[in-house]
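Given only the sequences and the hints, what does the whole structure look like? Please build it.
Chains as they are written, first to last, in the numbering used here: chain Y, 4 to 400; chain S, 4 to 265.
Accuracy of the hints is not assured; some may be wrong.
[As the list claims (entries may be wrong)] Just a few of them, taken from the derived set where beta-carbon distance is under 10 Å, the chain Y residues facing chain S:
hint : residue
1    : Tyr207
2    : Ile343
3    : Leu363
4    : Ile366
5    : Ile374
6    : Val379
[What the hints assert, rightly or not] Dumping the calculated DSS-like pairs for lysine-lysine here, alpha-carbon to alpha-carbon at most 27 Å:
hint : chain 1 : residue 1 : chain 2 : residue 2
7    : S       : Lys242    : S       : Lys30
8    : S       : Lys253    : S       : Lys242
9    : S       : Lys129    : Y       : Lys388
10   : Y       : Lys388    : S       : Lys135
11   : Y       : Lys167    : Y       : Lys143
12   : Y       : Lys360    : Y       : Lys388
Hints were generated in silico from the structure; no laboratory data involved.
Don't be surprised by glycine CBs; every beta carbon is placed ideally from N, CA and C.
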Amino acid sequence: MLAQENELCFECHNDPEALGNTGDSLYVDSERYAASIHGRMEMECIGCHQDLADFEDWPHSERLEKVDCGMCHDDRVDDWEASVHGLPARDKNDLDAASCADCHGSHYILPGDEPASMIYPSNLPYTCLSCHGDSKLEGKHEGMGRAEKVVSYFHSVHGQALEKSGLIISATCSSCHGSHSIRPLTEFDLDIPRICGNCHAPIYTDYLQGVHGTAYLEANPDVPICTDCHGEHNILGPDDPKSEVSPKQLSVVCSRCHEDMTLSRRYGLPLGRLDSYLNSYHGVAIELGDLRVANCASCHDFHDIRPSSDPGSSIHPDNLAKTCGECHPNAGGNFALGKIHIQDEREDNMGAWLVKKAYLVFIFGLVGGFIAFITVDLFAHRRRKMARLEESGEEDK
Amino acid sequence: MSKSRTPLETFRLVEHEGRLYYLRFSKTQRIQHIILFVCFFLLIVTGMPLLFPDTWLVQTMFRLEGSFTIRGIIHRIAAFGLLCVSVYHIFYCLFSPRGNRDLREMILSKHDLVDHFRILLYNLGKRPEPPKYERFNFIEKFEYYAVVWGSGIMLATGAALWFPVHATILFPRWVLDIIRVIHGFEAILAFLAIIIWHMYNVHLNPEVFPMNRVWLDGRMSLEFFRHHHRLEFDRLVDKLPPEILERVRKQMNSPKLGRHAE
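Rendered as C-alpha cells:
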C-alpha cells in the first residue's frame, strides 16, 4: 500500500527530464531515495509532503509547501530555531541561512555515520563551506566571518588530520561550534577553553591551574583563552614554523598582552620582558634560527603558567634549577642565581654594567690613540716624501 | 731531520736568488701565525653576529636553516684550534731555543716607552732621527702582548660560556652574565686592534704597502732590517765572520759596515 503510493509519485518524478512550470527539475531518483535513511524506513513521500496527503487529482500542479522536519525531529528543529541559522528566519524571515536541507540534503539523506553523508566528519567542512567558504556571501550576512579564514581550516592541524590522515575523530566544524544549536561568537567565546578541553582534557586541566585559567574561571574578560595563542580555524602545530606558538614566534604571542601598557598597568605585569629576552643569548639564538634554545614556555610552562610566588611554579626560586636543568642537565643551584629578565643593567647586574662601561671607555680610548698615531705617521711620511722630492729636484737643477 | 747548521743559518741569514736575507721568522713561527689568524678570523666571523643580531648582514648570513647551529660548531672548533696553538706557543717559548730567545726579546724595557715618544716627536718633525729599534719595537711588543692577553681572556671566558653548567659550580650565574659581556667586548677590542692597528702596521703603512711579506716566507731584506731594527742589525753584523760580513757589505753597497766602524 505504502510502496504503491510512492510509486505513484515516481511515475512522474523518476524521470530525469521532468521539468516543472518554472523550468525546475522535478527529478527524484527512486533508487537513491530508497537507499536513504527515510527510504530504508519505508517512509511515504506524503510523510513529509503532507500537503499532498489528501490529494486525489494527480498530477498536482502547484508548488509544494516547505517540508517541516520538526514534525518528527522536533527537538533538533527547536535547537536550530534558537541558533544563528534559525534566528534570522524567525526574527527577520530571512531564509538565506542554513536550514535542515542545506546541511542534510533532502530526498537522499543518509545517517551521519555513513561516509557518503553530507555531515560525515570528512564531508562536513565542505558542507559548511558551501556557504561559509563563499567570499561573495561573507559581507551579506552579519557574523558569517571571512571566507578565507574559514577555509584556512584545511591547513590547520585539525583539517590536515581529517584530510590527510583520515582521522574522523579530529575536530571539524561541529566539534567546536555545535551542530543544530550554533551560537553567535559573543556567547561562544566564553566557552572555548571548555570546548577545546572536550578533546584536549589534560591541557584544559593544566590551563585551569595556571594563572590564565584561574582568571578565566573568574570570568575575567582580558584573560587569554586557547584561541588567543593558538588561533582559531588555522590552528597549526607548534613544530610548524608558521604557527604563532612555534618557538620562534612564541615571544610575539606572549608580548601581545605582556608588553601591552594598559594590561600591564591593570594587572601589574612587569614590562620589558620581550626586550630582555631578545637581548639574552636565548633570544639572539632563536632570532637567528636555533630553535632548540629556551623560549617563553620553556621556562614558564605552556598551559600551567604560574607566577614565581606560587611554590608550584616552574619559575619559583626553589624550582628554577630543575627548570633550567630541563635543557642544561645537572644545572645546580648556582645556575639559577642571577636575574634573567635584565631590564636595567645598572640595577640588575651592576658588575656587567661596570664592565661594559669600562670596556667602552677603554675601546674608545685605544682606537682614538691608534687613529691619532696613524694620522701623525701618515702625515710624517708625506712630509718626508715631499722633502725628498724637493731635494732631488734641486739636485737635478 | 737534524743536520748541522750552515754558517748562514747560525746567523739567521738565508740565501734567495743569489741575495742574502735576514730570516726574521722561522717556519714554526710562521705556521703558528697562520693557525692563529685562521682561528681568529673564524672566531670573529662566527662570533660577531651574536653582538649584532638585528643587522641586515647577520640576518642574511643565517637565512639558511641550521646555519646558526653550524656557526656554533665552527666557533668551537676554531676555539679549540686557538687553544692548541696557544698551548703549543707556551711550550715553544719555554723550551725551544729560538722561542726562548724571542721571548726574552719580547720583555718590555724602558726603551719601549721612550721610543714611543721619540717616534712621535720624529713624526712631528721635532727630532731629526727615528729611534733605533731592537728585534721587536714597542708596536710589535704591544701587539704581541695584546694577542696573549686577548687570547687568554677569550679562552677563559669562552670555556665558561661553552660549559655553563660546570662554570656555575664555581660561581653564580650572574657572574656568567658578566663573562658574556667580557667575551663580547674583548672580541670587539681584539677585532678593532687587528683591523686598525695590525693591518696598518703590516699592510697599509706606506713603508710596507701593499704588504710586508715576512709572514709568508720569513725573509726580510737586509736594508729593511737595518732601517727598522737597527740595534739588532748592528749586533748581528758585529758577530758575522769576515767572509759573510764581506758579502753583506757588498750586497748593501756599504763597505764600512761592521767591526770596521768601531
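These are the hints, each one checked on the structure:
Below 10 Å, beta-carbon pairs count as interface contacts, and tyrosine 207 of chain Y has none with chain S, the closest being about 34 Å; its hint is therefore violated. The interface hint given for isoleucine 343 of chain Y holds, since its Cβ lies 9 Å from the closest Cβ of chain S, which is under the 10 Å cut-off. About 8 Å separates the beta-carbon of leucine 363 of chain Y from the nearest beta-carbon of chain S, less than 10 Å, and the hint is met. Against a cut-off of 10 Å between C-beta atoms, the interface hint on isoleucine 366 of chain Y holds, since the closest Cβ of chain S lies about 5 Å away.
With 10 Å as the threshold, the beta carbon of isoleucine 374 of chain Y comes within range of chain S, its nearest partner Cβ sitting at about 7 Å, so the hint holds. Because the beta carbon of valine 379 of chain Y sits about 5 Å from the nearest beta carbon in chain S, less than 10 Å, this interface hint is met. Distance check on the hinted pair: lysine 242 of chain S and lysine 30 of chain S sit about 24 Å apart at the alpha-carbon level, within 27 Å; holds. For the hint linking lysine 253 of chain S to lysine 242 of chain S, the alpha-carbon distance of about 17 Å falls within 27 Å, and the restraint holds.
The straight-line distance between the Cα atoms of lysine 129 of chain S and lysine 388 of chain Y is roughly 17 Å, inside the 27 Å bound, and the hint therefore holds. For the hint linking lysine 388 of chain Y to lysine 135 of chain S, the alpha-carbon distance of about 20 Å falls within 27 Å, and the restraint holds. The suggested pairing of lysine 167 of chain Y with lysine 143 of chain Y is violated, with an alpha-carbon distance near 33 Å, which exceeds 27 Å. Restraint check for lysine 360 of chain Y and lysine 388 of chain Y: the C-alpha separation of about 42 Å exceeds 27 Å, so the hint is violated.
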